[in-house]
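J.: Starting from the known structure of chain A, fit chain B onto it as the hints suggest.
Taken in sequence, the protein lines are chains A and B.
Be aware that the first sequence starts at 1, since it is given in the UniProt record's numbering, and climbs by one per residue.
Be aware that the second sequence starts at 1, since it is given in the UniProt record's numbering, and climbs by one per residue.
Check each hint, because a few of them may be wrong.
Covered by chain B, per the in silico footprint, the following chain A stretches (three or more residues, Cβ under 8 Å) [to be verified]:
(1) 45-52
(2) 65-78
(3) 101-115
Okay, derived cross-link-like pairs now, SDA-like style, lysine to any residue, Cα gap no bigger than 20 Å in a straight line [said to hold, decoys possible]:
(4) A:61 - B:441
(5) A:61 - B:183
(6) A:170 - B:336
(7) A:170 - B:404
Just so you know, these hints were derived from the structure itself, not from any lab.
Note that this is a predicted model, so its numbers are computed, not measured.
Glycine included, each C-beta is placed from N, C-alpha and C at the ideal position.
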Amino acid sequence: MIQENEIGGKSNRAERVEDYFVSPYSSALVWFGVCTFLVAIFLASQLGAQAKFFDNLPLEKQPGLWSAIGIVGMLFFGFFQMLQFWFHRNGLQAPGFVAEALVWLKAAEYVLWFMAYVSLVPLTGYLPTTIGFLLLMTWRLGYRAGQYYLLAALTGLLIVVVFKSFLQVKIPGGALYEYLPAAVRGFAILYL
Amino acid sequence: MELLLTSLSALARIDVAIALFVGSVGGVIIGAIPGVGPAIAIAILLPATFALEPIVGLTLLLGIYGSSMYGGAIPAILVNAPGTAVNALTTYDGFPMTKRGEAARALSLAFGASFCGGIISIIALMLLSPVLAAVAPMFGSREIFLAALLGMVLVVVTHRGQALAAGALLCLGIFINTIGLESIRYTQRYTFDQPWLASGIDLIVVVLGLFALSQAFLLLVGEDEHNEPPALVGKLFDGLREVLRMPKIFVPSAGFGVVMGMIPGVGEFLAQFFSYSLARKTSGNGENFGKGAPEGLVASEAANNAVPAAAMIPLLALGIPGEALTAMMLAVFYVHNVIPGPQLFANDFDFILSLYLALIVLNVLAFAFLLGTTKWLTQVVRIPNRFLGMVILVLSFVGVFSLRNSIIDCAIAAAFGMFGLMLKRLNLPIVPIILGMVLGGIMEVKFRTSMARVETVFDFIERPVAQVLFGIIVIVLVAHFYSLFRAKNPRT
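Extracted from the complex, chain A is given alone in its bound form:
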């Protein structure tokens, strides 16, 4: 099945437009749909408290109007989606919810890696953290050949040089840079 967004897999054949946009009715899809519908119900229950509606104010100026439109829309489409799930309940296909949830859990590990990297950059500096992160990830992903480590280190260096040194994107210097000798400190804070 072709995804609408960037994909890395092989393509399957489709003869009609809708063949590209059809999700198999897996139990994972149903769970996902039900959970998001419940979230929409919760948001709807908070409408008065979390988005204000004032007396004597025309509709278009009500602060809560567009929040309400979004939530009512989610409930409207979600309700018919629930009906569709119900009518197709006998045709559930793989993957099952547990198998799919395990993949989501596996991805959660990389969320933690990402957040660890994000948290360390302001402390240990952009260049050392990026190269260190890429080398560690290379090891975690199971690449053992030396060429991958070299490629990872060079990639990290290139990213820092392009974005921080050349494009001057706003990434602060690491706190550890303060301990560098005065001669290189300024350079490290500005460019590395």
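T.: Here is chain B on its own, set in the frame of chain A:
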């Protein structure tokens, strides 16, 4: 003539020339890597372009957008894995040609068709510009509101078979855009008294999460694919000549690309699909489509490369992005306080013309680059997926963190990355969320300003352009429900 010279002088600068070169070459390389694609590259580069002048930043992003379609054909043809989703139909005939030893011919046809599609699209836009400049001022708040509404309707109905999910996700986008402090009564909307939500959820944070981080996670949880590109035997220069001998294929296909690109919410995928279907019927070689028919390859590549230039029309003329990539570009305009819309088209036409000329140069650069480097470029399909995933992770950090140095933004982006991963794994669409956020924001403002001059609901559609837009919305909805009814009751 004076206008043309002014526009040319805007491009004749070293920073613009570098942006043109980096954008076109970078776009080709990014497009050639399966699993990356222009949306991720644009999302990552977006904050970096904020420091550049609008013309520099936009040519860089346009270069990536336009030339990635060229590069996307390489893995589609050589290893049956489209570099971008819009090259999916290229695999139908491109890969069978590779299997029978015609990889170089297939690539040269794809590059030639892409080039023709791109140039036809830009010429069409230049010819249409006087009309657009005349029509754009007719769009007031009501008309822009209705055009945005039409975009939303089209986003939902074009996701055939997934319209309910697309609708729900579009509304989720509208809701997300409302979070934070609103500007009328300065009340908080859905912040749950959390100070970090008071300034709302930034579009770029959501874009980077949904497009870039989700793709990184998707690649990291998957397996490495061992793609081995075949050796290219033969010349790459002959394709353009062969394409030019097929005007009945590439001209209508490029026409589809232009029309579909101009319609908000439709985009290159449907352009490619319809042009492929038409070419199958009209080429006289329909029985070989899907088995390596050059006409099929030309149709799909000419169509998808005609879209980027056309997609700029609703953005520049009305300030309404038709799909996710132009929605991201809208952010560049806003950051520089350049408001796209009727006024820009009417008053700064030299800026618009500069962008068109930049697009021509981009197409020439991308085409020339491919002719010279394709034999080397094919090696990028060998980069392991998971290695690519970790690189995208690091690049995504630059995009999110450089916005306002906020770790909370990174956490929000990571949460959207997980959400995007789930959507991608379940084959649910992501684009409606982004369009919901952008179009929802536009509609909120335009609804408020237009209602000040409206007494009854009918006043909303009293002007001719508003009537036309309203009529199109009604027709699209009626046609959608009719097609659903026909699908359920094929004999009636």
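J.: Hints first: check each against the structure and report whether it holds.
T.: So, going through the hints one by one against the coordinates:
Here the stretch 45-52 of chain A counts 4 residues with a CB under 8 Å from a CB of chain B, which clears the bar of 3, and the coverage holds. Counting residues of the stretch 65-78 of chain A whose beta carbon lies closer than 8 Å to any beta carbon of chain B gives 12, which reaches the threshold of three, so the coverage claim holds. Remark: the stretch 101-115 of chain A is confirmed as covered by chain B, as 10 of its residues place a Cβ nearer than 8 Å to a Cβ of that chain, reaching the required three. Between residue 61 of chain A and residue 441 of chain B, the direct Cα distance comes to roughly 14 Å. Compliance with the 20 Å bound is thereby established for this hinted pair.
With a C-alpha separation of about 10 Å, the suggested pairing of residue 61 of chain A with residue 183 of chain B holds against the 20 Å cut-off. At most 20 Å may separate the alpha-carbon atoms for a hinted pair to count; residue 170 of chain A and residue 336 of chain B meet this at roughly 17 Å. Simply put, residue 170 of chain A and residue 404 of chain B have alpha-carbon atoms about 8 Å apart, close enough for the 20 Å limit, and the pair holds.
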